[in-house]
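Asker: Starting from the structure of chain V, add chains C and E where the hints point.
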Amino acid sequence: MSIIQAKDVKKWFGDFQALKGISMEVAEGEVLVICGPSGSGKSTFIRCINRLEQHQEGQIVVDGTELTNDLKNIETIRSEVGMVFQSFNLFPHITVLQNVTLAPIWVRKKSRSESEEKAMELLERMGIPEQANKYPGQLSGGQQQRVAIARALAMEPKIMLFDEPTSALDPEMIKEVLDAMKVLAEDGMTMIVVTHEMGFAKEVADRVMLFDDGQMVEENTPELFFDKPKHERTKLFLSQIL
Amino acid sequence: MKNTLKYLVFFRNVVFLKWAFQIVFLLGLLSIIWNYIQNAVVNLENTNIAMGWGWLGETPGVSIAEGLYTLPNSGLQMIQTGMINMFRITITGIFAATILGTFLGIARLSKNYIVEKSSTGLLEVVRNVPLLVQIYFFQALVLSFPRLEVFDVGDYFIHVSAKGLAFPWFNRGPNAFLMMVYLLAIFLISNRIYKWRVEILEREGRETRPFLWSITSLVTLFIVGWYGGFRAVGIIGFIAGYISTGLELVPAIFYQALISGVTILIGYRVTKKFIDSKKSEEAQGVFIDDDYFKIILNIVVVLLVVVLMFSSFGAGLAGFLVGDELTFKADWGLPQFFNGVENKLHWYPSIDVELEAAIDGMKKGEIINWLIEPGKKVTEGDVIATAYATGTKIDKQEIELKASHTGNVESLLIEKGKSIKVGTPFYELEVTDGAPFEYSTPKVQQIGTTKFKEYADGHGKSISVGYFAIWLGVVLYTAIFISEVVRAGIMAVSKGQSEAGMSLGLRRGALLRLIVLPQAIRVMLPPMGNQYLNLAKNTSLGIAVAYPEVVAVGQTLYNQEGQTLPVFLIWMMFYSSVSLTISSIINYYNRKMKIVER
Amino acid sequence: MVDTIKKNIKAVQENLFSSVGSSILTIVTSYLVLNFFRGMFGFVMTSDKDWLSVLNNMQLYMVQAYPEDDFIRVWLSVGLTFVFAGLSIGLWRSEDRSNVSVMFDRLFKAGLGLLFFTIVAPTYTSYMGNDGFVITEEVFSSSSRLRILIPTLVITVGFFILKNLKINFSYNNSDAVFFYLFIPVALIWVVKLPTIQLDQNRERIIPDPLMPIANSTKIPWTIIFVSFLVSYFIGMYLKDKKRVKNVMSISWFLLPLLIFSWIFKKPQIDMGEVLTGDIPIFVIFFALGLATVLLINNPIFKKYFSLYLGVLAVLTIGGLFIGIPMLGKVCLLLLSLFTVVVPAVSTSKEGKRSLIIIWFVALVTLTFLLRGGASETGIVVPGSSIFGGFSLTWLLAIFGTYVSFPLGVLLALGRNSKLPIVRIVCTGIIELVRSVPYITWLFFASVTLAVFLPAGVEFNLIIRVLMVTAFFSGAYFAENIRGGLQSIPKGQYEAADAIGMSPFQKTGLIILPQALRAVIPTLVSSAITAFKDSSLVTIIGLFDFLTIGKTVIDNQSIPVNFVGHQRENLIFVAIVYWIFTFTLSRRSMKVEKRLGLGER
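Chains as they are written, first to last, in numbering that gives the first Met the number 0: chain V, 0 to 241; chain C, 0 to 597; chain E, 0 to 599.
So that you can see chain V by itself, here it is in the shape it has in the complex (with noise of 0.2 Å):
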């Protein structure tokens, strides 16, 4: 059974039209990974997923709930889904620490030991146990972007959404990131990856997406979409990437 589902979903800024009426289903467990060049309505459409945006026509279901002006279908899809950006949006003021804990004990009323102790077990998934107490300023970009991870996961998703999440990052830093994110994959999490890292792509995602232009170009499996991609735009969009 698919956990989204999105039909003709269609968004405007003011009078441009940013996303054309996509249509795509996602399965529990998959990992999809969307691409193409920028401006195409990738990053606007995951972002319409957990409401960050607002889609105007169309319809999107996550795990069973519809994306309305529903109050509580916004917080039931809110704390389902996950999400990591291409710039951290870590928060500065508190310490990784508390950033990881602060949706637990908020939005979750969990107490405040046993958040702590969560915390520290996902900061330690992610290779960053001994940061906890730093606070976001003092950490690398690679750093900062597995404690966005961590306190997205924080919050129990059934979905993570990443956003670029290594296009702010200096070469040497991506790698870690990513190893992280194949060891979520793995884990059997639901995700979709905004992302320009065709090794990622054709390493672990179940199928590839391309978008431009708001529209959906093409969707195939990794290596049909690296090997043989079957429109001229996908030819074109990889020559220049690769």
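These are computed hints drawn from the structure, not numbers from a lab.
Each hint can be trusted.
Restricting the straight-line Cα-Cα distance to at most 35 Å, the calculated cross-link-like pairs of lysine-lysine (DSBU-like) are:
#	chain 1	residue 1	chain 2	residue 2
1	C	LYS376	C	LYS343
2	C	LYS452	E	LYS48
3	E	LYS489	V	LYS71
4	C	LYS293	V	LYS6
5	V	LYS109	E	LYS244
6	E	LYS489	V	LYS117
7	E	LYS264	E	LYS240
8	C	LYS17	V	LYS108
9	E	LYS505	C	LYS293
10	E	LYS489	E	LYS589
11	E	LYS489	C	LYS272
12	E	LYS505	V	LYS19
13	C	LYS442	C	LYS452
14	C	LYS278	E	LYS417
15	C	LYS110	C	LYS591
16	V	LYS117	E	LYS241
17	E	LYS505	E	LYS301
18	C	LYS420	C	LYS460
19	V	LYS157	E	LYS417
20	V	LYS133	E	LYS589
21	E	LYS351	E	LYS241
22	E	LYS592	E	LYS108
23	C	LYS450	C	LYS415
24	V	LYS157	E	LYS351
25	E	LYS48	C	LYS116
26	V	LYS19	V	LYS229
27	V	LYS71	E	LYS351
28	C	LYS116	E	LYS589
29	E	LYS505	V	LYS181
30	C	LYS293	E	LYS489
31	E	LYS9	E	LYS165
Short, incomplete list of chain E residues facing chain V, as computed with Cβ under 8 Å:
#	residue
32	PRO342
33	SER347
34	GLY490
35	GLN491
36	ALA494
37	ASP496
38	ALA497
39	ILE498
40	MET500
Just so it is clear, CB atoms sit at the ideal spot from N, CA and C, and this is done for glycine as well.
Answerer: Just chains C and E now, with coordinates in the frame of chain V:
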């Protein structure tokens, strides 16, 4: 689907909640305001003071220490005097504070130890002492000088007494406005010529000597102007005269309709443009809640303006514009304004000549016989009339009145046999000759036959204690803050810019003038605008030193009439519009600067 | 030795005479500064000034007409402030150390400066007398010049030697506070000041020799100094306890309330009201809070928790309009806020326990302060309020900030909100309030505000001034805070949304803490401006610090005539304001540096 209702209940709908909250907020706010207004209505009924605007037209029966109308014949004239007094400080203050502040700001960046330290010291002193204390101190300083009465009558060069300061000055003659406008015009022309030559230089790549051209034209035009050419500006007065006549034909309702019409038009245009942008092929006519709100807001604003324009407020505003003297005795209308322009900027400006004390102690004059008539030419010093002077030691002493300027008599304002006070206009003269500005030194004279003394009008420039205290206070205070703005602005220009300039071989002065300042100004403009606003608002402290600016005048008025609420509303409207004006000027330059940047 | 002199000469050359222009500037500025100093010196020293008008009126300056019998209350409030300061300095004792030779160097330079200015001070000064003739007067005789010059020279040389001994001894910067405070306290036991006394004909005489400072001043200050020392050591002892620091921060906030409601005021408590009003209300609300904490994990209570919160909110808002005691209204508001945070904090046993303690302490404090504040005062000051002089200035500055800051935060959040109507309203309020000068708002408070209040409701002018100050300073605070809000990247909002935080949590936990921290320097400078602006109440006739110096003393003729001595008093007023604002701005600069904000 779990968690999903068949249809969306309103209390879970985000959009509904968003607007419901806002409407409740607005209604709550309005009900609180309404509650207070009701209180006010009840309280005013109890105190038997009917709040209204009628007092604006009535004679307040108080005098103002200095300004345009020292004996105002209506509340409006009184407020007008206060406003003009406020602008006197604000405008001169802004110039002085900017110049002083810029110097101090640069001094604080100086490498010279003493210069840097002393300017920083001044900054720390002025910034950390309340402005009011400083103003009081300046006032106390001047007041500690001896009273004017202990000084002899006569001419001085610079004079300080408990009455104020007096110093030599170039006083304006009847032709001064013509000359000032002429000077402004030739500066603009030479600037234009400079730009034109630079344009040619850039287009054709040959040396066009823009600076030489502009300076030559400036000097030539100045010489031409000095020998009478400045009267060419009179064309403005000529045109203004026609406009004035034309405006007087326009009824008040026309302005009400005009403003309403323009508002409707603008509202329609803006809304239509917005809707069209939504209806474009790309946008496909999808409206969200905020878009509907925008449209509704536009309509509400337009309707409000229209309703307001056709209420008594609109009638009053239009009354101002047409100079409706029946409602308010003030010369505030557009026709009066253009009429004033016509008088001041005519080929030959026309003035109302006031009766001067021809002999010491003269208080009133009674014309025995006019020796002039309309259309007759008079030269300065000619005898124009014989009169009896009253108030002197000998009652009804016969004197001769002499012409103060050369020109053509336009009309006689006083019939013979009628007694008028000194200072009252008694004939109209079209001035044909005379220097625009006249240099003179201060003079101490007796007031009438009393033992009190004063600085004579038209002899040098004398300023009152209040004016001195408030002016120096706000200028120094603002200059200090401007110096901080200038310093921050210069420091914001990156070091690399200075180094690049130095590598081109520019000297420190040239570097500052050509590279650093133009860039710094862009950073400095917005905070500078804030400082100008603060200066304008700080002039309201004039009330503390009895300088009759708009707040002080307002206070006098409500003490007289009991109309506290209307006076407060006037203050609010006045200061809001001043703030709005200053910030729009700053915004205009800010935008202009940004365009240059591209 | 020769090397140092050479080095100094070179430094002087580089700093002052690097080029022709610089040399000219140096000479011109030096000339101006010197003349300014000579002029000021002459101004201060001439015989037409009566500095006794300042010295003799210290009591008036500080507390105006506050009755002498109750001075113990004034001393208590000053003492409490010093005790708090001592505790805080001890708690936050810095580890920075300074070397004594640095201090000797500074003192040596100060000595040099003093020497220089003693030498250049004018002997004669001229000023214009009342008859318009110039009077020339000896203001600084050569004998008094020598009397200052010789000791200064000796001390300066002493410091020079000490400085060059290069003593390797350092002291803790916080400990130095003790020393700075010790000097004035020691001085008041030694110094003798000129005073005015009246002879049998009620003519003023200046007694010779000078009089020592009165015991009524000396002894309290000494006690305060000792308690300061003691509290400093207590603070040092408690240094490592984080909770004590938190309590201290809140106590600083409550201290002015305590001073103005209990110490300065001398409340006349009606025990009947306390028994029938305060204690029942206290018990009810404590029980309610206790029940909420204890029942929070009960499933039935959890189910109706939102309803309970809603009812509380309605009661809180409704309570404002119905005639329940002030304590009840404030307790309702506090209970609503408390209930909001209970579910998040009371997840563990120790969390619950500390919540109950906090609730108890908060209620006790509130009851105590409100009872003191609302009671009649036992101090009768004929013809004016019990607050006057410096105490009024402080009251206006502190409470002005208290009431305007929360309003400023709300207005800033409103102006930055995504809700258009809220945004338009808040923008309108901020811009309207800011575009009109403060003095017009003060006039509004003094003459117009009463018109809008319900018939029969009358507030003291001080309260009315605080009401308009809340809006005026609030609008300025709002603009500062808005700057901070705008500096926060959009990503922070999105990240908070993405982890499912509610709008209130997002604002309170993520956005505001960052925004406020970013604008601390501008907030402090706004607070300084508010402190300076409080002097404007002089114009509407309140007896603040400035009014005393400007009007009250200038009109004193009985028993001693001080008419016409406004300038001396204005200079004194300016110096006092200067000391406070200058220290405050310097401190804020240090805090700013510590937070590393200036470096961004």
